Amino acid sequence: MDLTTLSETALQDVRGKRISHIFQNPQNGLNPVYTVGRQIGEAIRIHDHGDPEVPVQRQVVDLLDKTGIPEASARVDDYPHEFSGGMKQRVLIAMALACDPDLLIADEPTTALDVTIQGQILRLLEDLQAEHDMGIIFVTHDLGVVSEIADRVVVMYAGKVMETGTVEDIFRNPSHPYTRALMDCLPGRGGSMDRIEGSLPDVTDPPAGCRFSPRCEHATEACRSGDQPPLWGVDDGDTHEASCVYYDAEHDEGELADGEDATGGHQ
1 MDLTTLSETA
11 LQDVRGKRIS
21 HIFQNPQNGL
31 NPVYTVGRQI
41 GEAIRIHDHG
51 DPEVPVQRQV
61 VDLLDKTGIP
71 EASARVDDYP
81 HEFSGGMKQR
91 VLIAMALACD
101 PDLLIADEPT
111 TALDVTIQGQ
121 ILRLLEDLQA
131 EHDMGIIFVT
141 HDLGVVSEIA
151 DRVVVMYAGK
161 VMETGTVEDI
171 FRNPSHPYTR
181 ALMDCLPGRG
191 GSMDRIEGSL
201 PDVTDPPAGC
211 RFSPRCEHAT
221 EACRSGDQPP
231 LWGVDDGDTH
241 EASCVYYDAE
251 HDEGELADGE
261 DATGGHQ
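Under the UniProt record's numbering, read the sequence shown as residues 1 to 267, first letter to last.
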């Protein structure tokens, strides 16, 4: 489905019903002047979803209960400010699931939460994904979360895809210089973290060629001209690709590995 070709009327049928979204900050995703039950029920009513034989209020309570809200029937008429941050995020998840979507977009849903609550929300999303048989696009900067929950990974930088592959591809064989630099920035036991020199480019006036080239220690003139390189296959399989000229037919990816050894890693 190409969403860019749909009319506004058609998009209204997709939003919330086939594709749903969880906000990064739960405080921004809830209206403070309405009860959480009213806000979840509104999604059901607008899309005419759910069992017509079951009152909407009962369906809302079931959703809150499913997402781990204690005493859901008593809390359905509470306002957002009466919930903790973790409970607000559970309310947003209940709202996102109200119409049983095919795809859930989770935009940094654990960033504003403490570590213990983060783990609870991640486990909840995994359980709900299996129960509802839905896809999840999980947007995050936390590589630990990626390694824990992802099946496939897309690494992006300044609005462009740098690398894509299974979670095993990315963590066992990071191939684009940006992905490698990210891995080098992970904290290790007893060691200091590396950092990537330079600054993010202006996405309204990006550099020519690869968006990462101004910060890449392996960049050549080929990297700094034209458009972002296409995604080239990294190995003989069909799951792992990198947007890097070192993986096209005219280059030897060994040059990239040799350069890595010669420079002793990233700064």
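In case anyone wonders, no lab produced these hints; they're calculated from the structure. Wrong hints could be hidden among the right ones.
To be verified - Ranges between beta-carbon positions, derived for each pair:
| id | residue 1 | residue 2 | range |
| --- | --- | --- | --- |
| 1 | E131 | D107 | 29 to 35 Å |
| 2 | D77 | S199 | 46 to 52 Å |
| 3 | L103 | A222 | 32 to 38 Å |
| 4 | Y79 | T4 | 22 to 28 Å |
| 5 | E8 | E221 | 43 to 49 Å |
Computed from a predicted model, the values in this text were never measured in an experiment. For each residue, glycine too, the CB sits at the ideal point set by N, CA and C.
Results for each hint:
The hinted range of 29 to 35 Å is not satisfied by E131 and D107, whose Cβ atoms lie roughly 21 Å apart. About 49 Å separates the C-beta atoms of D77 and S199, a value consistent with the hinted range of 46 to 52 Å. The given range of 32 to 38 Å is respected by L103 and A222, whose C-beta atoms sit roughly 37 Å from each other. Distance hint check for Y79 and T4: the Cβ-Cβ separation is about 37 Å, which falls outside the suggested range of 22 to 28 Å.
At roughly 46 Å, the beta carbons of E8 and E221 sit within the given window of 43 to 49 Å.
The structure is inconsistent with the numbered hints 1 and 4, although it conforms to all the rest.
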